[in-house]
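Participant: Turn these sequences into a full structure, and let the hints steer you where they fit.
Number of protein chains: 2
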Amino acid sequence: MCEANAYLRKDGREELFLEAVDKVVPHEDGLMLEDIFGRRKIIKARIAELALVDHRIILEKE
Amino acid sequence: MCEANAYLRKDGREELFLEAVDKVVPHEDGLMLEDIFGRRKIIKARIAELALVDHRIILEKE
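If you read the sequences in order, they're chains A and B. Under the working numbering, the first residue of the first sequence carries the number 1, and numbering increases by one thereafter. Under the working numbering, the first residue of the second sequence carries the number 1, and numbering increases by one thereafter.
Calculated from the structure, these hints are not laboratory results. Since the model is a prediction, treat every value here as computed from it, not as a measurement. Treat the hints with care, as some may be off.
Note that the list lumps identical chains together, so a pair holds whenever it fits in one copy or between two copies.
Unchecked claim - In silico EDC-like links for lysine to aspartate or glutamate, alpha-carbon gap of 16 Å or less:
hint: 1; residue 1: K23; residue 2: E3
hint: 2; residue 1: K10; residue 2: E49
hint: 3; residue 1: K23; residue 2: E49
hint: 4; residue 1: K41; residue 2: E60
hint: 5; residue 1: K61; residue 2: E14
hint: 6; residue 1: K10; residue 2: E60
Facilitator: This is the structure in structure tokens:
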């Protein structure tokens, strides 16, 4: 599977926000993330970086 | 491999911008995309959506 883990970058550190993310779509003034099991989480953030071979999505607060 | 293809969404259509993307990182006021072979392309755009199981990155001009 080609999901990735989403991390929130804060003060130079990265906190795991959601594992096994499939979809990231705009939601109001933030993002809706959906994992491969259909579980959803919403966050006021933007996608800052991707490293897909490492399965990493980096989010940052706007 | 867990790379994805990057598409630029424009006027409701999606144009392939770069295949087999590994990394997407901020670059000046846009993004630098790097594919799994190390080839790089720069674009003034932001990441709008991801659908990783479908291997899709959707970019939009800012």
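Participant: Each hint: holds or not?
Facilitator: Hints versus structure:
1. Taking CA atoms no more than 16 Å apart as the test, K23 paired with E3 passes in both settings, with 9 Å inside one copy and 14 Å between copies.
2. For a Cα distance limit of 16 Å, the shortest separation of K10 from E49 inside one copy, 14 Å, qualifies, whereas the shortest one across copies, 21 Å, does not.
3. When the C-alpha separation of K23 and E49 is checked against a cutoff of 16 Å, the pair qualifies both within a copy, at 15 Å, and between copies, at 7 Å.
4. Proximity of K41 and E60 under a CA criterion of 16 Å is satisfied intra-copy only: 15 Å inside one chain copy versus 23 Å between copies.
5. Taking the shortest Cα distances, K61 and E14 sit within 16 Å of each other inside one copy (12 Å), while across copies they are farther apart (27 Å).
6. In this assembly of identical chains, K10 and E60 lie within 16 Å of each other by CA distance solely inside one copy; the values are 7 Å within and 25 Å between copies.
Of the numbered hints listed earlier, not one is contradicted by the structure.
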